[in-house]
Amino acid sequence: MKSYRLTAAALVLPLVLTACGSSPGDELNADGKVVLTVAMDAGLEPKAIEAFNARVADFEKANPDVDVKPQEYTWTAATFTAQLAGGTAPDVLTVPFTDGRGLIERRQIADISGRVAGLPYASSLNPVVAKAGQSADGKQWAMPIAAYGQALHYNRTLFTQAGLDPDKPPATWAEIRSAARQISERTGQAGYAQMTQGNTGGWILTTLDYAFGGRTEKLNGDTAEATVDSPEMTEVLTTLRAMRWDDNSMGANFLYDWAGINQDFAAGRIGMYVSGGGNYGNLVTQNGLKPADYGVAALPLASKPDAGVLGGGTLAVVSSGTGELGKDAAVKWIDFYYMGKLTNQDAAVADAKTLADTKQPVGVPALPVVDRATYDKQQEWVKQYVNVPLGQMKPYTDRMFDQPLVTEPTRSTQEVYKILDTTVQTLLTDRGADVAALLAKADADAQATMGRG
Amino acid sequence: MTRGLISPSEWGTPAVRRTVRLVQALLLGALLLTGLGPVLWLAKAAVTPTQDTLRTPLSLFPSGFDLANLATAWTRVEIDRYFLNTVVIAAGSWLVQLVVATTAGYALAILRPRYGKLVTAVVLGTLFVPSIVLLVPLYLTVVRSGMINTFWAVWLPAGASAFNVVLVQRFFANLPREVLEAARVDGAGPVRVFWSVVLPPSRPILGVVSVFAVVASWKDFLWPLLVLPDPAVQPLSVRLPALQRYVELDVFLAALAISSVIPVALFLVFQRLFLQSGALEGAVKG
Amino acid sequence: MAVQSPVRAVAAVPPPPRAPRRRRSPVTWVRRGGLTTLLFLVPLLVVFGVFSWAPIVQSVVMSFQRTNLVGPVTFVGLDNFAQVLGDPLPWTAVRNTLWFAVLALVFGYPIPLVAAVLISEVRQRKGLFSALAYLPVVVPPVVAVLLWKFFYDASPSGVFNTVLGWAGLGPWQWLQDPGSAMPALVLEATWAAAGGTVIIYLAALAGVPAEQYEAAEIDGAGIWRKIWHVTLPRLRGVLLVTFILQIIGTAQVFLEPFLFTGGGPANSTMTILLLIYDYAFASSLGGDYGAATALSIMLAVVLAVLSALYLRVTKSWSAS
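Chains as they are written, first to last, in our numbering: chain W, 2 to 454; chain U, 5 to 290; chain X, -11 to 308.
Errors might be hidden in some of the hints.
Said to hold, decoys possible - Derived DSS-like pairs: lysine-lysine, alpha-carbon spacing no greater than 27 Å straight-line:
no.	chain 1	residue 1	chain 2	residue 2
1	W	Lys291	U	Lys48
2	U	Lys48	X	Lys137
3	U	Lys223	X	Lys137
4	X	Lys303	U	Lys121
As the list claims (entries may be wrong) - Far from chain U, by Cβ distances over 12 Å, these chain X residues were calculated:
no.	residue
5	Ser13
6	Leu66
7	Trp79
Said to hold, decoys possible - From the structure, some residues in chain W lie toward chain U, with a derived Cβ separation under 8 Å:
no.	residue
8	Ala43
9	Thr77
10	Thr80
11	Ala83
12	Gln84
13	Ala86
14	Gly87
15	Thr89
16	Gln162
17	Gly164
18	Ala260
19	Gln264
20	Ala268
21	Gln287
Read the hints as simulated data drawn from the structure, not as lab findings.
From a predicted model like this one, the values you see are computed outputs, not experimental measurements.
C-beta atoms are modelled at their ideal positions from N, C-alpha and C, and glycine is treated no differently.
Construct all of the structure, not just a fragment, from the sequences and the given hints.
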């Protein structure tokens, strides 16, 4: 029966081999230092990598018991779990707000709340922003390191061509609608475009719902109720439908994702669209936007008490496989590298200088992560390196602090966004789509997902 | 020249001749339009500024050439690197497939151990399992064994092609036994027999396996997309869609053009080989 | 054609004579070359063991499990299957995939056959015809899709819409409409694959013996009757094979919907394979590997039946 044993060995061998991956806990190097792998943005220019390594050297000098290893890493939600299981995720990495709550709920990131509480600015974090990194019981599992609110981006050149005043962007949704129509009619480009793909459709639809004064979920203790089918969301969809099918002012592409809409906006094919307030950076560095074309305005809010701006941002997290010593080192690194740029003059100046030297934008609008006083100080420190057209951003920056910031939905966030993708795609591509039926279906689907999750 | 469907006497009839010629001329026109058209358009767009391509996609250079597109695509977008990755991935997959298929074919068809039938059966069985079933567990295997972001993650799974093994095994089994026996009588060991007696006359079948291996690797998308998330090791097929996100349209189209030039050039040079193996594909798989 | 022989060999080879059975000790086993034989099989055993057999077993196991890879694994019986079957999306995906297959047959099945018959009657520059037909097959598939995505631009200045504009038509919505998105995908897929099928038919047409045509002519058959009574019957085997292969291929369509539309608009191009990918790799927080494997196993069963059918057909075909 040799043959059977052989086959069995061939079958079992790989299972044994694959079973021994990384071991949990701390990894020590030959000198007994704890090894900490930290994420570094992928595709940086040599100068920026040099600057990053210089920061690592400074950190190691200040913390002689830590050996920091930079690892090129870009967060992708889809493969993170597998990387975690395979031990290939770095110890410290950054993730968008949207995914923070889910990572915490599934214990896929480490609880560093005790250590975070010891940081000097822990109690003065901007409360709305801090919430994105908190577990349901309010502990700070993840550290917010950047925050933004959604804004209305517009093309000043197209505004001028259409006979609109680029210094007076629309302040209500009715004005957005008429401006879109005017741009469309006079320039032939899309007056207003909207993302619809890869969960961004849900993200923007939720943004508009908030702006009209609605919410997509209602939490009662442990249970959540989907409130997608609401008068506010109906108003959003009715407005969009009028722009799409009555005015025909939304262009010809209804399958945009974030990268796609940025690209078309930068190429001058879109008059207005809604996205994060800090989008200028991507538009200029990755899509070759002509700075003179760019304008950004505050998102128009309905005059309802609940109307607000959906906020987003970036969290620094520690992956769940990290040991106790590693967590100590990780929080020190987050404090030193990410928070240093916001709270420490030398670090902020050095960072701004590197960005400016590598032709990355400095001075893109952002919301305070810590308190307003710290934010203002930081803006003052980096002032001389600012290289973005601040004047063209005034319609946004003048009002962004006064707009109420609202966090993203917390239950099955991405899954609900995905459901809303279908809703908005149907609305924009099917002339006969029935708003009430669409919302009833989306609501039921969202409720089912929340119940399951 | 051998005759086909239409007989010489039918060719002699003016009505038939004219109709057939007309239909064939129409076909040639359609083929030029559909086969050559898009390729030529891509070549044109590769050296046209973005705004022209967007506004008047079918005009010939309304505001001049932009040859810089090609240079930008090659250097800044680093098409050269991804192209090299593509070649390395194809070469490795080819080698692994050839090694597995020939050694296994030799063992199963010539050496014929008693358990050979069982092995053949289990290999054949995988023919019935579509690759989609493997997607998730294979991905997890690659992740857990740390092969992710290495070429091994593409090379090794490519070797598990039951089709190749069967093809080579059947070919080896048909080699004249007398030659093998004669070599054995002359004192050649199994390794020598494999290397100097079995492999040389098997060049045709190895050629077939090679063409399939290289073409399949060139076209593969989903698997390298999953196991090579790091751009530094990605082949063109995976990199191009990602590039679209942050490269200006004219440069992107230039990148597409460069990526097509080499396979198209290879095809034009080795037309006969391509068409022959293309026809073979119908005879053996799809 | 020198390369034809191995292919014939695939299907019709007499089983090799059985080696005589004898009792052996491990020493004689090694001396008789048993170890060498085994060493020759090592590449196969390792590669197939790790990258084929083990994952197949694991796939079946995982379809009964729920795991996020980090926490503990729980066996959930048939829950994954129930979840997939109870979700409306897989049914949409099945419908779309079938729709893709039907459209691919309507577009992609007759055109290459007609083209091949015409090309086979070309007397000069036959090579030019087949080379032109085959050219799209050589363009890397990803390049082809990305290029066509640009052609399909739905604004009036899109490439196809410009052409339609010359004829006073359009602009059409192409990928931007739930009704026309799938046909647009199939059109590109047909463009990319038809050349390959043409070449296959050309080879089969070259194999039709001239005597059969002559015999038909003696019976007074014209061109159409010869096509109907000689050509098509001789091509029956190849036609059946390309038919089944096309079905198997279209059941696993991924590249086109993934790159063209991401399954949209409004899930109108969501195919089974794209859904499996979405389940496993596009969910935000750890894939639903259970649902993904459950759905892929259900698809696999269907495809295995088709493959078995295919093998039977090729066997009887090459035997005849």
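Hint check results:
As the CA atoms of W:Lys291 and U:Lys48 are separated by approximately 25 Å, the hinted pair is consistent with the 27 Å bound. Under the criterion of a C-alpha separation no larger than 27 Å, the hint pairing U:Lys48 with X:Lys137 is consistent with the structure, at around 17 Å. Of the supplied pair hints, the one linking U:Lys223 and X:Lys137 holds, its CA atoms being roughly 18 Å apart against a limit of 27 Å. With a C-alpha separation of about 20 Å, the suggested pair X:Lys303 and U:Lys121 falls inside the 27 Å cut-off, and the hint holds.
Chain U leaves X:Ser13 outside its interface by the beta-carbon criterion, the shortest separation being 15 Å against a cut-off of 12 Å. Interface exclusion of X:Leu66 from chain U stands, the closest Cβ pair being 18 Å apart, more than 12 Å. For X:Trp79, the shortest C-beta to C-beta distance to chain U comes to about 18 Å, beyond the 12 Å cut-off, and the non-interface label holds. Interface hint status for W:Ala43: upheld, as the beta-carbon distance to the closest one in chain U is roughly 7 Å, under 8 Å.
At a threshold of 8 Å, the smallest CB-CB gap from W:Thr77 to chain U is about 7 Å, leaving the interface hint in force. Satisfaction of the interface hint for W:Thr80 is found here, the shortest Cβ-Cβ separation to chain U being roughly 6 Å, below the 8 Å cut-off. Given the 8 Å rule on beta carbons, the hint for W:Ala83 holds: about 5 Å separates it from the nearest Cβ of chain U. About 7 Å separates the beta-carbon of W:Gln84 from the nearest beta-carbon of chain U, less than 8 Å, and the hint is met.
The beta carbon of W:Ala86 comes within 6 Å of a beta carbon in chain U, closer than 8 Å, and the hint placing it at the interface holds. Proximity of W:Gly87 to chain U holds as hinted, the smallest CB-CB distance being about 4 Å (cut-off 8 Å). Taking 8 Å as the C-beta contact cut-off toward chain U, the hint placing W:Thr89 at the interface holds, the least distance being around 6 Å. With its C-beta approaching chain U no nearer than about 14 Å, W:Gln162 sits outside the 8 Å limit, and its interface hint is violated.
Look at W:Gly164: its Cβ only gets to about 21 Å from chain U, farther than 8 Å, so that hint breaks. Contact between W:Ala260 and chain U, as hinted, is supported at the beta carbon level, the nearest pair being about 4 Å apart and thus within 8 Å. Interface hint at W:Gln264: satisfied, since its Cβ lies 7 Å from the closest Cβ of chain U, which is below the 8 Å cut-off. For W:Ala268, the suggested interface contact is upheld, since its CB lies about 7 Å from the closest CB of chain U, less than 8 Å.
For W:Gln287, the interface hint holds, since its Cβ comes within 8 Å of a Cβ in chain U; the closest pair sits about 4 Å apart.
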